[in-house]
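K.L.:
The task is simple: from the sequences and hints, build the whole structure.
Residue numbers (the numbering used here), protein chains in the order written: chain E, 1 to 262; chain X, 1 to 264.
Some hints here could point you the wrong way.
Straight-line Cα separation of at most 27 Å, DSSO-like style, residue types lysine-lysine; simulated pairs [stated by the list, open to error]:
(1) X:K160 <-> E:K61
(2) E:K97 <-> X:K160
(3) E:K142 <-> X:K160
(4) E:K142 <-> E:K160
(5) E:K12 <-> X:K160
(6) X:K55 <-> E:K80
(7) E:K80 <-> E:K97
(8) X:K160 <-> E:K91
(9) E:K97 <-> X:K252
Derived by calculation from the structure, the hints in this document are not laboratory data. Please read these numbers as outputs of a predicted model, since none were measured by experiment.
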Amino acid sequence: MSALQIRNLQHKYALTEVLSNINLDLAAGETLALVGPSGCGKSTLLHIIAGLLIPSEALIKNDFRGTACMFQEPRLLPWKTAEDNITLGLKALHVPKLARRQQAQNIAKSLGLTADDLNKYPHELSGGMQSRIALGRALIIKPDLLLLDEPFSALDIGLKLELYRLLRQHITERGSSVLMITHDLMEAVRLADRIVMMIPEPGRLIGEFTLQQSHAERSETWIYQTTAKLMANDRIRIGFGLAEGSLNLTEHLHTQHSGCSI
Amino acid sequence: MNRLRNLLPNTLSYLWSGWGALASLLLFCAVWELVGEYYGDLILPGPLEVIGQLKLMFNSGIAGPELIISGRRTLYGLSLALAVGSLLGMLAGFSMTTSMLARPLITLLLGMPPIAWLVLAMLWFGLGDATPVFTVFIACLPIVFAGAMQGTRTLDNHLKAVAQVYRLPWHMRLTDIYLPHLASYLFPAWITALGTSWKVVVMAELLSTSDGIGAALAVSRAQLDTSSTLAWVVAVLGVLLAIEYLLLEPIKRHLERWRVGVSQ
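P.N.:
Written as structure tokens, this is what we have:
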């Protein structure tokens, strides 16, 4: 039983069709990575799921209760301290101030933020710190569904790995579902249970790959090897424009796990 | 606690920054004195004489009541303009259509000379309190309206998306997203409106009432009393400077303490 079902989703900006016949399922507790080249409509699809955009046409069934989103940029409110930024979602849920503060301190500790950092304004913090706060803001409301719009793409590799670890830890503890979009295959291999490939003009889903290795057993070597295997796959090569050729698009992704397994 | 700890150094550094303003004002007084000495007391009395005259006016009980009368009129007209202008400007800013409709009207209202409003107000309300109050209101309204509308329109769409994703209720969107952003547009507009309000109230009183600073200026003009005239001007400017630097500027600094390089 999937918690998010999307059928026949189409979306147009004026006369330009940006998403065409999208069918997607996301099960509870599953991490799904949507990969594809820039401009293929990944963000548009994510914004539709987040409720920021209304699609031109679609059947969407969403059973997830709490949804949080991390954007490409931290998008912190510049006039609020780190603590008030982290607890923004809790305040919207009418959690009393003392409880908010307590939870902010707990999550700050797990994110590697000091009490002093919590009193600072975003402009006083480095880019990495701001990303941690954005992650804290998303995790603190304990969402059932976490939407990630390439939030780690601008970070250095050390910080990326640390945030991946924090994210995976949260997913394991909470059993949240994650829908992440990325153009970095290795990031997808590292974090996801399933990878869906998307191509542009108009945005379509053209194949999916299930990663059966459990997260605990994913070593760096396995991640590199799997990424290399995926990079050699025709659909991915053609989708990213690395190889010439056409894709057979008659097959729709109605059923879950219909693609190749790795 | 942290904010409390920062209060004292912030206040001191604000007061310290006042030395620059004070030096600039004193330099102006020096030039005034120089020109005054060249032209003589009848044309341009020096700053010391004017301040002496102002002190005399306060001591004899002339200045106080007149200032209070003008201040009251300014306060009514300005508060009304700030409230109505900020609210309507924000509402107009929420929608593209109303902003487009409002823009030419603002240009029209900003371009209309206050003296024309004054003549109309005299015809509509006669020679009472309502005339200066209305003129101040109508002269300040478009300034505040434009500031509020511009502020609302320029809020980053990214932050609006954050508000939507985290399901902020309407009152939180207002207090946590819109108002802090709006403040940096509203405050300069309010300060401009404050300056305009004093100018307009004095002008309105000069032509339409028998009390207030404007009326007192009319009397000193009739008596060819340059030092009294300048004393009134100094009184008006003094009140203006006090309101801006002792009230509005500290509030602005407090609200915008999150900006780079301000106070913290």
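K.L.:
All hints are to be evaluated individually against the structure, with a verdict given for each.
P.N.:
Here is what the structure says about each hint:
Only pairs whose Cα atoms come within 27 Å are accepted, and X:K160 paired with E:K61 is accepted, the gap being roughly 25 Å. Of the pairs offered as hints, the one joining E:K97 and X:K160 holds, with about 23 Å between alpha carbons and a cut-off of 27 Å not exceeded. Distance hint between E:K142 and X:K160 is fulfilled; the C-alpha atoms sit about 21 Å from each other, no more than 27 Å. Between E:K142 and E:K160, the direct Cα distance comes to roughly 21 Å. Compliance with the 27 Å bound is thereby established for this hinted pair.
Straight-line distance between C-alpha atoms of E:K12 and X:K160 comes to about 22 Å, which keeps the hinted pair within the 27 Å bound. Restraint check for X:K55 and E:K80: not satisfied, since their Cα atoms lie roughly 47 Å apart, outside the 27 Å limit. Among the hinted pairs, E:K80 with E:K97 is consistent with the structure: their alpha-carbon atoms are about 15 Å apart, no more than 27 Å. Restraint check: the Cα-Cα separation between X:K160 and E:K91 comes to about 16 Å, which is no more than 27 Å; the hinted pair holds.
Among the hinted pairs, E:K97 with X:K252 is consistent with the structure: their alpha-carbon atoms are about 25 Å apart, no more than 27 Å.
When each numbered hint is compared with the structure, a violation occurs for hint 6 only.
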